[in-house]
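**Q** Chain residues, written in single-letter form:
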Amino acid sequence: MAGPDKGFSRWLLATNHKDIGALYLWFSFAMFLIGGSFAMIIRAELFQPGLQLVEPNFFNQMTTMHGLVMVFGAIMPAFVGLANYMIPIMIGAPDMALPRMNNLSFWILPFAFAILVSSLFMEGGAPNFGWTFYAPLSTTYAPPSVTFFIFGVHLMGISSIMGAINIVATIFNLRAPGMTLMKMPLFVWTWLITAFLLIAVMPVLAGAVTMMLMDIHFGTSFFSAAGGGDPVLFQHIFWFFGHPEVYIIILPAFGVVSEIIPTFSRKPLFGYASMVYATAAIAFLSFIVWAHHMFTVGMPLVGELYFMWATMLIAVPTAAKVFNWITTMFKGSLTFETPMLFSIAFVFLFTLGGLTGLMLAIAPADMQYHDSYFVVAHFHYTMVAGAIFSISASVYYWLPKWCGRMYNETMGKVHFWIAFLGFNLTFFPQHFLGLAGMPRRIPDYSIQFADFNMISSIGAFIYGLAQLIFLFNIIRTIYFGEKTTKEQTWESARGLEWTLPSPLPFHTFERPPSIK
Amino acid sequence: MDGDNKNNKIVLKLSITALLMFGFGFALVPLYDVFCEVTGINGKTESESYQGKSFQKDESRQIKVQFIARNNDAMPWFFNPTEKTLMVNPGESILTYFHAKNPTLERMVAQAIPSVSPGRAANYFHKTACFCFEQQPLSGLDSIKMPLIFVVDPDLPKDIKTITLAYTLYDITDKAAIAPDNKAKVSMSSRDNDFLTRRD
Ligand SMILES: [Cu+2]
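In the order they appear, the protein sequences are chains X and E. If you count the first sequence from 1, position 49 lands on 51 in the working numbering, and the numbers rise without skipping. If you count the second sequence from 1, position 150 lands on 151 in the working numbering, and the numbers rise without skipping.
Take the hints with a grain of salt, since some may be wrong.
Restricting the straight-line Cα-Cα distance to at most 27 Å, the calculated cross-link-like pairs of lysine-lysine (DSS-like) are [claimed, not checked]:
1. Lys8/X / Lys185/X
2. Lys185/X / Lys102/E
3. Lys85/E / Lys185/X
4. Lys7/E / Lys518/X
5. Lys185/X / Lys14/E
Listed next, the stretches of chain E that the computed footprint assigns to chain X, with coverage defined by at least 3 CB atoms under 8 Å from CB atoms of chain X [claimed, not checked]:
6. 7-15
7. 26-32
In case anyone wonders, no lab produced these hints; they're calculated from the structure. Just so it is clear, CB atoms sit at the ideal spot from N, CA and C, and this is done for glycine as well.
Chain E on its own, in the form it takes in the complex (with noise of 0.2 Å):
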């Protein structure tokens, strides 16, 4: 009965921790978000507006802003920023914009995921409005002109002279349930409301 005893505690104990084990798992995930917002490292940038402090522009240098807008898997949008590279100062607040076109007849929801290279740069490319914050519908043969508002860093390290920012265009009709010409917004980056919004 002792040993009764002893087994179940060990069992116990060990059931508990494979239980935290799994949680531990599932608990990577907004620990790698952290992690790499707080190192800015994979690239990746903020998923929402800046609302930071505002900056002075620093006229001692020029950095140059690259834009690659691509297509994901078999998205068949055109998909295209309207300038290729920009030369800005730093702590100056820049407007451009990026060219999409549905050239099917379906209405079609896109997604926009950004990526800033090098990685380190991240965290000093501030967007003030992007279209990468929201989805985007678009109904067949439509296009549209999707503004970028952003701002980098001064304090951005010395040694980065050029900044190449990547949009990864996605077709997420399956997933975007939107009601056509609806253009409810669904912010990018809410598990929770893929959830809601998923279409049975």
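In isolation and in its complexed conformation, chain X is listed as follows (with noise of 0.2 Å):
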């Protein structure tokens, strides 16, 4: 078989499931620095109170194409990446099963974020209404580049589609001969349902851009109260794609982590069949909590009761997996190379996570927290040290494999703990601040907050320090890196992948493995 084309073909003509792999990503690298300047940019704002960088309209710009790029850009490409590099190998095939729609849907996406982080460049600025662009400020308040956001989240869309559709032949069709359901690595079982969700509610998502669309420019009145419509009708449908949206970031993340603990703790994974059915229950279940974003819109009160009870029992089957993988850890003979460490941290991190969003579940309670900066803590130790951190892991975990050279171990401890320590001083003031009555989304606020908002916005820049010490430790890798040729890069590590010689050729398993 042909080895890679040379040049800048390689890439744009990519078919090869690694090569793509490692563009979606480098996109999410790329996406992941601009989202975090958006993000610099909002904490610099924030350091005092008052108005000194920014005007409150360009604050706007910012939190709502920081939430997109973040989004969209960089976690969802990254998983997406990780599944493409990883999964054909963990099942044993030879590639992705339908490799030029792969090559189709990564190359919408650089069009997409282009469009849509040009529009900071329209007159008018950029979307300004927030990730949820609620209507009606994303159609009768919105800026005239609202059209080039909506048909953005229209191509990325049928990007995440696709790509979703090619994870799931490629699991169905593709597994070598006695790689049954129940023999698939837990990071394959996860993005088989993370792909089921992304099939299920993108579509609704395009739904509800196509309206608002109609809305701005054909006359009609899907969200218009004016015309018969309804805008709160437009939060039932963007949360409807929302809360399982939540599941699609994360459920990858948990796969990852359920690789990497039982490698370092040198036991395999503790209650795997318990953790497919928790998965396949969370996925369930986030399908039917979507209004708990929406307590607050005046429903009545056996909603508001029907949609607390309801995602709370999305805790149990959390519960459970946070207790497998404690329990993989419990009597192990741990040790805590970095990406045992960014997981220890996930697990520690998301869990905090998952206990303020029960504490948001409770429908009264909320009434208080909802759209204040509680919320954002909330999310940030979901998405942050959820997604991002098992990112990380994911990337120091693979990335000899990938290669062939060695990261550097103590660049790899260093920047585990400067980003540990600045995620958590940057998002734990948080929770204090949104208790106190600060709502997010202000450019400004009153002077009590600002001790706390200092102190977060020190953490954003150390932990915004921390990625360019990633980045930097990824090429250092890249180029200098320690040659390493060992298959099994982690003493006991299992799966396909460490069968394989590092760096992994650009062929695999063009022969199925066999599997015990």
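Bring the two chains, given one by one in their own frames, into a single complex with the hints.
**A** Structure below.
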């Protein structure tokens, strides 16, 4: 079989799953840095009360773009990249099932985000209505760039759906003989379920933005009360997509951590089957809890009660997972290499984020927490300490396998501790700010919130710095890292990827491996 | 070849699923309305004149009905109920008026959107005639007295003693492209009509 093409056409015409995986991962890192610099602008403005650096409207553009870029540009493509790189190897397949479609679903993304980010330079500025783009803020009162935003969301939705279809086809059709469903690594399982979630809800998001488009340009009134529509309907449609979306982000993270913790505990994963069932249960429940984001819109009591209890129910399968991770570590011979540090921090901090989620699920209490910094703290504990920490963990975990060179362990640990410190310094005080009544999405605040905001901003700058260490460590590894040809980078890692040489050859498992 | 076949099948099935879910997003629009209508939540009242059975007047209790009139956003009209509260017996048909004036020099079209609180009462508050069923065009400096005929259902839950009916008045001059002084009536909730009457 031929090796890779030379030069740029290798990437432009890439159909090899490892190349496409790498493209996704680099794209996501670039988006992570862009979205991160938006966050730096937000935190710099909030360093002190008063308006110092940016106009309020520009501040709103920053919060909106930060959310959109991080969710759709950084986290989701990072996991799709990991899926592309690892799933074929983990199930003993030679490549993804649909390599050409794979190429297309990646190359749509840079265009989608070029459109989205370029709206910053358009007249009237970028979208400023928050990443949840509630109507009528995103229809009647939206800047003209909203049309580009809608187009961008359509493109990125098509990309996600194609990516998801490819993953399902790969897992269903290309497993090596003997690789039964219940023998698949958990990362493959969580991604299979995530792919189904994507196929189910990304079209609903596309529907929501299409309705916005029609309201703005074609005189319909889906979300306009004046014409018989209802702005609350927008929130229902958005969150019908939005709640499964948070599991689309976190389930692959669960999968990654379920690979890493057993390796560094030198024990098999505790409760494999229960992990699979818990993932499926979480995915199912995610469809019937969306209105917990809308407790304050004036739902009737029965609605509030139903969504409150249904939401709390999700804590049960999630707790089962946390229990399994902890039990896997229990009495294991643990070592604390960088991937393990990130994974343990994931378990600890994600559980904290889950706990504040439970607090927010309590409908009467949510009246106080709603749209406050408490919510911001909550979802950054799940999105950053959940998704981003697990992505960092998986990059350190598989990087030696990908490029046949070892990363610098000390620098990895320094990255971890600075990130851990910076993250908690940023987001822990935001719980207190929220409980004290500071609303989210404001560029200025009253004096009593000053101290915690300053701490939070300092933490954010530290966390930002940690990512530059991360980037430096990756690039250093690729070019100057200590060479390793060991198949087993980590002494007790299980899974088919560790039966292959390092660095991974361009083509793998052209003949399926035998599975015991 | 066999593999291609299997892949095509999955791609086809999943693409159809995605398309159906896209449709489902749109189906949520009528579903939402039906759900609100059936359960009477959201304070949405019927958008057409009540044609159901007539009621016996219930002398045993009186319900306080409050009227609120407010303007959406930059709507410049004066808009007020002629009576702010009424004590009514369930089953009894009541006529009251709202007053609107267009203080600008331009001809404008308004649409009033009703909302009932508590939301539970919405299904027991029947309007046999309401200015909110139609668009309200008004020439500059003109004013109008707009009728509302309603009846409170005698089946109204006993614990509800007060019903508030709030109207929000929207400026829909841009959307309602009706030639001046042609008082064509367009039903309020018909999205199709909005399409037809759009002014380009
Ligand atoms: Cu949710």
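**Q** Indicate, hint by hint, whether the structure satisfies it.
**A** Consistency of the hints with the structure:
1. As the CA atoms of Lys8/X and Lys185/X are separated by approximately 38 Å, the hinted pair breaks the 27 Å bound.
2. For the hint linking Lys185/X to Lys102/E, the alpha-carbon distance of about 74 Å lies beyond 27 Å, and the restraint is violated.
3. A hinted pair counts as satisfied when its Cα atoms are at most 27 Å apart, and Lys85/E with Lys185/X does not qualify at roughly 71 Å.
4. Note on Lys7/E and Lys518/X: the hinted pairing holds, with a Cα-Cα distance of about 25 Å set against a maximum of 27 Å.
5. In summary, the hint linking Lys185/X to Lys14/E is supported, as the alpha carbons are separated by about 25 Å, within the 27 Å threshold.
6. Counting residues of the segment 7-15 of chain E whose CB falls under 8 Å from any CB of chain X gives 5; the rule of at least 3 is met.
7. By the rule of at least three residues with a Cβ nearer than 8 Å to a Cβ of chain X, the coverage given for the segment 26-32 of chain E holds, with 4 such residues.
The earlier numbered hints that this structure contradicts are 1, 2 and 3.
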